[in-house]
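Peer 1: In this text, residue positions in the sequence shown follow this note's numbering: the first is 63, and each later residue adds one.
It should be emphasised that the hints constitute simulated quantities derived from the structure, not laboratory data.
Any given hint could be a false lead.
[Unchecked claim] Derived BS3-like pairs: lysine-lysine, alpha-carbon spacing no greater than 27 Å straight-line:
hint : residue 1 : residue 2
1    : Lys200    : Lys73
2    : Lys200    : Lys189
3    : Lys90     : Lys73
4    : Lys200    : Lys90
5    : Lys189    : Lys73
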Amino acid sequence: MARADFYLIGKPRFREQPLLLVCELARKAVHAGQPLLVLAASAEQAEALDDLMWSFDPDEFLPHQIAGMDEDEDEVEVLIAPPEQSPALRPLVLNLRDAPVPAGFERVLEVVPADPAARAPLRERWKHYQSQGVVLNKFDM
63 MARADFYLIG
73 KPRFREQPLL
83 LVCELARKAV
93 HAGQPLLVLA
103 ASAEQAEALD
113 DLMWSFDPDE
123 FLPHQIAGMD
133 EDEDEVEVLI
143 APPEQSPALR
153 PLVLNLRDAP
163 VPAGFERVLE
173 VVPADPAARA
183 PLRERWKHYQ
193 SQGVVLNKFD
203 M
């Protein structure tokens with residue numbers, strides 16, 4: 063059964079730089095041996111995430127790349143997809159876009175902004191996944 067995990071940003075370091083939480087979740091996926099597809103909201107966000115994954119932890123490298131840049135993207139552990147790219151869904155998807163992820167995933171990760179005014183799209187995605195019979199979980203970060 064598919065599941066959706068919503069990560070509510072609370073810690074100051076994630077509030078200041080929400081993409082750090084994305085990097086932490088990507089690291090967990092890599093350590094668990096689960097290839098991750100990150101659906102970025104914009105090309106700029108994809109590039110910012112690509113840059114941050116190089117530098118967020120000086121002691122560790124997360125194998126990643128932006129979709130459409132290289133032929134071997136099926137092999138990379140973390141694939142970052144800007145909106146103009148449509149790579150195949152992976153079992154584990156981290157969604158940073160406003161639209162819910164279409165069916166086909168085993169688990170989707172959603173990052174909930176710290177600002178309550180910015181949470182409306184997340185509420186809609188929660189309701190969408192719920193209507194699809196997806197198991198929902200919420201985590202405070």
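Peer 1: Are Lys200 and Lys189 close enough, with their CA atoms no more than 27 Å apart?
Peer 2: holds (13 Å)
Peer 1: Are Lys90 and Lys73 close enough, with their CA atoms no more than 27 Å apart?
Peer 2: Measuring from Cα to Cα gives roughly 18 Å; hence the hint holds.
Peer 1: Regarding the pair Lys200 and Lys90, is the alpha-carbon distance no greater than 27 Å?
Peer 2: holds (17 Å)
Peer 1: Measure nothing beyond the straight line between the CA atoms of Lys189 and Lys73; if it is 27 Å or shorter, mark the hint as holding.
Peer 2: holds (25 Å)
Peer 1: Check the hint pairing Lys200 with Lys73 against an upper bound of 27 Å on the C-alpha distance.
Peer 2: holds (15 Å)
The structure meets every hint from the earlier list without exception.
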